[in-house]
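Student: Can you build the whole structure from these sequences, using the hints too?
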Amino acid sequence: MQSRISQRLDTAAQSGTAIQRSTSLAGDVYDAIFAQLMSLKIAPGARITVDNLVKEFSVSHTPIREALGRLEGEGLVIKTHLIGYSAAPQISRRRFDELYELRLLLEPDGAAKAVAAMNEESLAALREAAGVMSRGGADDRLRYSTFARQDSIFHDMIMQLAGNELIRQTLNHQHTHFHIFRLMFHARVTEEALDEHQALLEAFANADPAAAARAMRLHIEHSRDRLLPAFD
Numbered sequence: 011m012q013s014r015i016s017q018r019l020d021t022a023a024q025s026g027t028a029i030q031r032s033t034s035l036a037g038d039v040y041d042a043i044f045a046q047l048m049s050l051k052i053a054p055g056a057r058i059t060v061d062n063l064v065k066e067f068s069v070s071h072t073p074i075r076e077a078l079g080r081l082e083g084e085g086l087v088i089k090t091h092l093i094g095y096s097a098a099p100q101i102s103r104r105r106f107d108e109l110y111e112l113r114l115l116l117e118p119d120g121a122a123k124a125v126a127a128m129n130e131e132s133l134a135a136l137r138e139a140a141g142v143m144s145r146g147g148a149d150d151r152l153r154y155s156t157f158a159r160q161d162s163i164f165h166d167m168i169m170q171l172a173g174n175e176l177i178r179q180t181l182n183h184q185h186t187h188f189h190i191f192r193l194m195f196h197a198r199v200t201e202e203a204l205d206e207h208q209a210l211l212e213a214f215a216n217a218d219p220a221a222a223a224r225a226m227r228l229h230i231e232h233s234r235d236r237l238l239p240a241f242d
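Per my numbering, the sequence shown runs over residues 11 to 242.
Hints were generated in silico from the structure; no laboratory data involved. C-beta: ideal position from N, C-alpha, C; glycine also. All clues stand as given, with none of them false.
Under the rule of at most 27 Å between Cα atoms (straight-line distance), these lysine-lysine pairs were calculated in the DSS-like manner: (1) K89 with K65; (2) K89 with K51; (3) K65 with K51.
Restraint ranges, calculated between C-beta atoms of paired labels, are given here: (4) E82 with Q179: 14 to 24 Å; (5) K65 with A135: 36 to 46 Å; (6) K65 with A215: 44 to 54 Å; (7) A209 with I93: 37 to 47 Å; (8) A209 with L238: 16 to 26 Å; (9) K89 with A217: 38 to 48 Å; (10) E82 with D107: 24 to 34 Å; (11) A126 with R104: 33 to 43 Å; (12) K65 with N174: 41 to 51 Å; (13) R198 with E108: 21 to 31 Å; (14) A217 with V60: 45 to 55 Å; (15) H71 with D107: 33 to 43 Å.
Tutor: Okay, here's the thing in C-alpha cells:
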C-alpha cells in the first residue's frame, strides 16, 4: 500500500501537484494540495472534494482530512458545515493594500534590527533559504509553490532574528505570502524577487542596518507593484 501511495504522489509531483517528500503521509498530501492552491490549479473558491482527493492520491480519508485541516489553519481552505471544503477566495484589493501597509510598517524595521543578531550561522541559513528559491525545476507549478513556501520561511527567519515575537506572530497570523502568491501565477513574481533577496543578504553580510531596512522596503514595494495587475 505504501508503495502505491509513493508512486501516486511521485506522479503528482511530476504534474506539479506536490512540493517535496515529507516525513509523513499527511505531510505529502498537504504538500500536493498546497502546490495546487498556489499554482491556481485549484481555483479560488472552488470546491475541494475529499473523495476526489482520495482517488487522486490513492490514500485513505484520514491523511486528506489532516492535510485539509492544516490548510484551513493557514487560511487557504475553508470548511463549511454540511457543505465541505473549498479553496479560500482571493483576497480583496482592500485586504491587499492593508497587508502591504502592515508589512511596510513592520518588516523594514525588523530587517534593520535583525542585523544586530546576525551571525555566520544565521546568515548561512538565510542564504540557504534564498538558494532553495533560486533553484529551478522542470515544472513551473512545482517551482512556484516551492518559492511561495520558502519565501514565507525566508521572511519569517528575518523577523525571528529581529527579536519581537509579537510582531512575528502578527505577520505569521496573516499568512501574507500564501495569499499574495495566489493572486498571480507568473514567472516574473519570482524572478525579480530573487535579486531583491540578494540585496537583503548583502546588507546583512555587511552588517548595515540602514541598507537592510532600505532593501526590505524596496522589496516589499516592488512585490506590491508586481501583483497589482491581478486586480485589473
